[in-house]
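Join these two chains into a complex; the hints should help.
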Amino acid sequence: MNMIEAINDALHVMMGHDPDVVVFGEDVGYFGGVFRATAGLQAKFGKMRVFDTPINECGIIGAAVGMAAYGLRPVPEIQFADYIYPGLDQLISEAARLRYRSAGEFTAPITVRSPFGGGIFGGQTHSQSPEALFTHVSGLKTVIPSTPHDAKGLLIAAIEDNDPVIFFEPKRIYNGPFDGYYDHPSKTWKNYPGGQVPEGYYSIPLGKARTVREGSAMTVLVYGTMVHVAEAVLAEKGVDAEILDLRTLWPLDIEAVEKSVQKTGKCLVIHEATRTSGFGAELVSLVQERCFYHLEVPIERVTGFDTPYPHSLEWAYFPGPVRIGDAVDRLMKE
Amino acid sequence: MVDQTGRIGMPRGNLPPLELHVPEPRFRPGDPVDYSWLDIPGAGELPRFDEACEARETMPATLGMVRVLDGKHRAVGPWDPRLDPETLRRILRTMALTRAFDDRMYRGQRQGKTSFYMKCTGEEAVSVAHAYALAGDDMVFPSYRQQGILIARDYPLVEMVNQIYSNRADRLKGRQLPIMYSARDYGFFTISGNLATQFPQAVGWAMASAIKGDTRIATSFVGEGSSAEGDFHAAMTFAAVYNAPVILNVVNNQWAISSFSGFAGAERSTFAARAVGYGIAGLRVDGNDALAVYAATQWAANRARANKGPTLIEHFTYRAEGHSTSDDPSAYRSAHEREEWPLGDPVMRLARHLIALGEWDDERHAAMDREVAEEVKAAAKAAEKNGVLGHGFHHPFHTMFEDVFEDLPWNLREQAEQAIREREAKWPDARSPGTGEEGEGA
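Chains as they are written, first to last, in the working numbering: chain A, 1 to 334; chain B, 1001 to 1442.
Same shape as in the complex, but just chain B (with noise of 0.2 Å):
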């Protein structure tokens, strides 16, 4: 409009001066929880959608749930897998060996044998379950909360240690940061530390597999936090446009280290939901029910390879743990939302299933947990032969100029050198141990 000034625009008259909406999380340290305000449906409510159907139809499942145990650990309903008794103690041993080595490995960096570890602890079912329901040479882009996913694959356990010690047997020579795996062998892509960027790479991937005229599809990972990368929606739109066959997962864990997930959006839409905009399917998933992560990844995947496209999962879940070994929770929320999450644990779920089933019995459960305990102490032994981080034997020097390029061009070869003659000032007695130059030769 025109005012009477002869100005284009709307008239302010009385109005209220503009405001920010800041998310603040609804517990701090200290306060009592309260989860009434969390919608979650029933286990069976939600209908199992035909796998051909149109994204769009999948919009309920965005907004709902598939939940497949219910609370007297049935299991319920149209998305209930049907899973024989054995590969559900199998996905269960999975599940208790993945919190097995997470207990170890953070024991270890408390040892001082890394320097920084990750657990996964309350999100087992989502890696474990997704694993299970994938074909075995599908390929993973995961992000680095998935170590259930190289478990699952029957990965050397000794590999991921040597892994997290960054010793002399680490396959990645010592390069990456604990954690962040690499196994091409296992369909599992080397780990970044820069978030999300492994979304757009499945579903080039994915592309790829079709383009060559492939049977094989992949699957991604990122935290909801993440999923507020630029790459997300880049790997979204790509994802749509070429109908990729792809699963792009967000693990709703509700915390990005420090920032809750109302930080990513989680105040106005389910991260499912973002789905539909893009002409993908969507799943909301209980991603404490390792049934319901299996059915939901099983329905993706038999969309995928039938050519009808990607789906996008939310892995609705609970960082149990902190982010990581350098973080503290207790300094950001209340320690009573990990004890009330109302979603449980998602290995004792799985037990309890299998237990109602007359499958599992506590006797059978304690034996597994010291079975896989033991597992886990032997793998850990075996890598410290090979050395842990600081202490002991290391990859050469010189690996530290390898595999930049194919080729050493004259730049890496004039200061791998330098690396060498740096050392001997550094460590003249290079042989002496604790100088981590034992691997190094004479």
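Okay, chain A solo, but in the shape it has when bound (with noise of 0.2 Å):
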């Protein structure tokens, strides 16, 4: 299964599971998304329950906040992470700050689901990640998945979770794993572990890391499209690193990356995202915090540049093998 049937399957469970679960967006009714993730919902669950919006990301989540006053679960799309800004309002300032304005009287379990990312050439209005905008809002939980098995355990669980989140998905990965190469041929899911999706309901806790593989010579922290290109990055250097895939960036699983970095001694933070103040800046600060005495070398971080995402160079952009490859080589070196 890929990640998109993953997410679809997950929206099919949860809807038949809680008739309070609603689902829209743009394109989202009968089309089924223009990445196809809600297809086959509006003719199972009917228009009431699963339908298009306007083009106005701050009617989408504000009505979503109203939504879930009333006490519905809506799991909003936002077509692309790039047009979520007109509804940023409504998310950080009300979505987020509901239950704690209120004591508690009024919540917002919603659930934004936005494809994110770059990779699929989609210029710089298609391709942005703006995670770090997220994990900064007090109220809010952060959720990006690297596999079909995690999005859809994980969108059980954050359509489960009382409080709002935001759910990217990375869309580069939305047909198969990615190792960073544009003129590879294109991988399935289908032989990959993470691509082996169980029938029916089954969740995966926020706020928990996955460790997609055990080491010792480093730690990668890492998270969505990045994870597999840093997995093929360090197999063929055959570095021994500890890859932790974050899974949500908020609340961070702050224990598994203490327990790595004090066992490696060495640490290599990766994201896709701009560099300046973005999420790899907040988990070098809390390594050095929390790990400075096991530190043997200076965390590295591999990022995206300080640009808007270019169409024609966005090979360039991309913090690809070579990038992480430097980086891993600096880390090695001592």
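The hints are simulated quantities; they were obtained by calculation from the structure and are not laboratory data.
Be aware that a few hints might be false.
Covered stretches of chain A, as calculated for chain B (at least 3 residues, CB under 8 Å) [as the list claims (entries may be wrong)]:
(1) 79-90
(2) 104-111
Below, a list of computed lysine-lysine pairs in the DSBU-like style, where the Cα atoms sit at most 30 Å apart [unchecked claim]:
(3) K47(A) to K1212(B)
(4) K1173(B) to K1308(B)
(5) K44(A) to K1212(B)
(6) K208(A) to K187(A)
(7) K47(A) to K1308(B)
(8) K44(A) to K190(A)
(9) K333(A) to K259(A)
(10) K1308(B) to K44(A)
(11) K1426(B) to K1212(B)
(12) K1381(B) to K1173(B)
(13) K1212(B) to K1308(B)
(14) K259(A) to K237(A)
Bear in mind the structure is a predicted one, so any value in this text is a computation, not a measurement.
For each residue, glycine too, the CB sits at the ideal point set by N, CA and C.
Shown next as structure tokens:
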């Protein structure tokens, strides 16, 4: 099962499981969404629970807040993460603070799904990775899966969660894992363990990282598409790295991070988003604060550049095998 | 067209330079006020449209005005809701209570018992009569000048004062700015300081009510100033698209802090007229006429409950006081504006109507005023026992970290511990009066 199918499956499971789950967004109804994540839902659950919306992210998220206040569990889709900004006030000032400002009288158990990240030649308006914005917001949970198996389990957990969750889907790996080489033949999820998706209901707790592979040479902190790129680069270099897929950026699985870095003594942080004030900066700070005396070398950070995502130079922007490889070499030289 | 040089486009010729219009209110401090420019239709003139009519048929009501009380304090015309005297007296008393509450809390702020207060003087009918025309379990997504709705729904005054004084009995744990109430069990959504955000939320709530086959409707309020926010237009679009059972209210009290309504576009159109472009029914109502507000709300509520869709109501009124205790309206508007406001005072208009009916008199009115003042005083005294802002009892430190998430994550656990450690350094004698730590325990 690919990641889109897994997400679609999770939505089918949860809509069947809980009559209060409603799904809406631009094109999500009859058509099933531009990436087909909501295909078949309207036919099965009806137009009252699965419907298209106007092109208005403020309205989509604002209505979701009201629906949540009523007692529903809205799962709105923002077609591309790049379009989420008109809905930010509703997400940041309203959904995220509803529980706090009402002292628990009102809550916003909303799961905002949105494809994010580059790698599909989407230009600067279909490729952004704005996750750091959301980890900065008190009261929001930020979740990013890296396999179909995790996507289904984490999405189910997100929908069941009583706090607002932003669920970013790395669209570059919707159809298969990605090793970072754009000229390599594309792979499918079929033969990967993460592509094996159990039927029916299961959930993966939010706030728990996944150890992609154990190792002792260094700790790699990574999420989303970059999990697979990191895995490929380190395998190719034959480095015995421990790779942690963070899965939930916030609340972060700090225990897993500390435990791993304290074991390996080296830390590499990788993300696709722009560098300055990116989530990597938070990770580096936390590791420095909490694992300083275990560190053998300075922490390395591999990221996208501080530019908008360029269209024709996408692969020059993307933090691929060369950039990651150089950082790995620097860490291993010491 | 193509000019001689081969360029495409219109030639400029000797055109005057382009210029902008920057709105300016008619009167500034010291100016005499003349309201003769204001076109106020007479009471009873506007026909009452069928509640099931097409939205566009309400266009005359968006440019005219729903008015019931005439110059002689009689209820006239097709919008007269024909309320019995007992209901009229209850509405009057609730408005008087709201005004008394505002006066006492305003003084409380001046006495340093809280940081901030916002009166709704002159606008009592907008919230109180609206609340009376709704069902008690309809959901309100208020802005910050609808305290009359809570009072109309018999929310305990002492709870309101606890919130305003941010004391240890404040059920919002002292987190919210004074007057930003939340009362789920009274159908009153938590107030946000970010303007107009509640408008699309009310539409979402109304949509949810319809999705679940409920019969409750939602209603929401913005000031005319924040009708310029994108959220207003998002809400109008969603309400129209899904025919949501919602009433969207614009309180046009003429001023958004010191910006007059022209900066929200009032010079070009009425706020009610914006409804029709969206395919929403619109009504402009005399916001100082409790009967008119009641009638318009009732019309819109019936329409929503019959699945005929949303209504935008513009309440045409005047903000008699400053925006808040932090504002000084004498610095930007003529004092005569309030004195000469042609639609009068909502409390006195309803009182005179009842007097004209032979159902009220000056003595009873004076007695009522004393009674509501006593009621408010008692509530304020009771609340003061729980502390006032900055002096006495507040919620324990740990509550600052609660309710960010359902469960406390590790970072908030650590920061809560830090706050408690800092407390010991900042206030070594945590039990001495005035430190605010009496409620914290040993």
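Against the structure, the hints come out as follows:
Counting residues of the region 79-90 of chain A whose C-beta lies closer than 8 Å to any C-beta of chain B gives 3; at least three are required, and the coverage claim holds. Counting residues of the region 104-111 of chain A whose CB falls under 8 Å from any CB of chain B gives 4; the rule of at least 3 is met. Between K47(A) and K1212(B), the direct Cα distance comes to roughly 12 Å. Compliance with the 30 Å bound is thereby established for this hinted pair. Restraint check: the Cα-Cα separation between K1173(B) and K1308(B) comes to about 41 Å, which exceeds 30 Å; the hinted pair is violated.
Annotation: proposed proximity of K44(A) to K1212(B) holds, straight-line Cα distance about 17 Å (limit 30 Å). Distance check on the hinted pair: K208(A) and K187(A) sit about 27 Å apart at the alpha-carbon level, within 30 Å; holds. Between the alpha carbons of K47(A) and K1308(B) the distance comes to roughly 19 Å, so the proposed pair stays at or under 30 Å and holds. Restraint check for K44(A) and K190(A): the C-alpha separation of about 27 Å stays at or below 30 Å, so the hint holds.
The suggested pairing of K333(A) with K259(A) holds, with an alpha-carbon distance near 23 Å, which does not exceed 30 Å. With a CA separation close to 27 Å, the supplied pair K1308(B) and K44(A) stays within the 30 Å bound. Restraint check for K1426(B) and K1212(B): the C-alpha separation of about 52 Å exceeds 30 Å, so the hint is violated. With a C-alpha separation of about 19 Å, the suggested pair K1381(B) and K1173(B) falls inside the 30 Å cut-off, and the hint holds.
Distance hint between K1212(B) and K1308(B) is fulfilled; the C-alpha atoms sit about 17 Å from each other, no more than 30 Å. At roughly 24 Å between alpha-carbon atoms, K259(A) and K237(A) fall within 30 Å of each other, so this suggested pair holds.
Comparing the model with each numbered hint stated earlier shows that hints 4, 11 do not hold.
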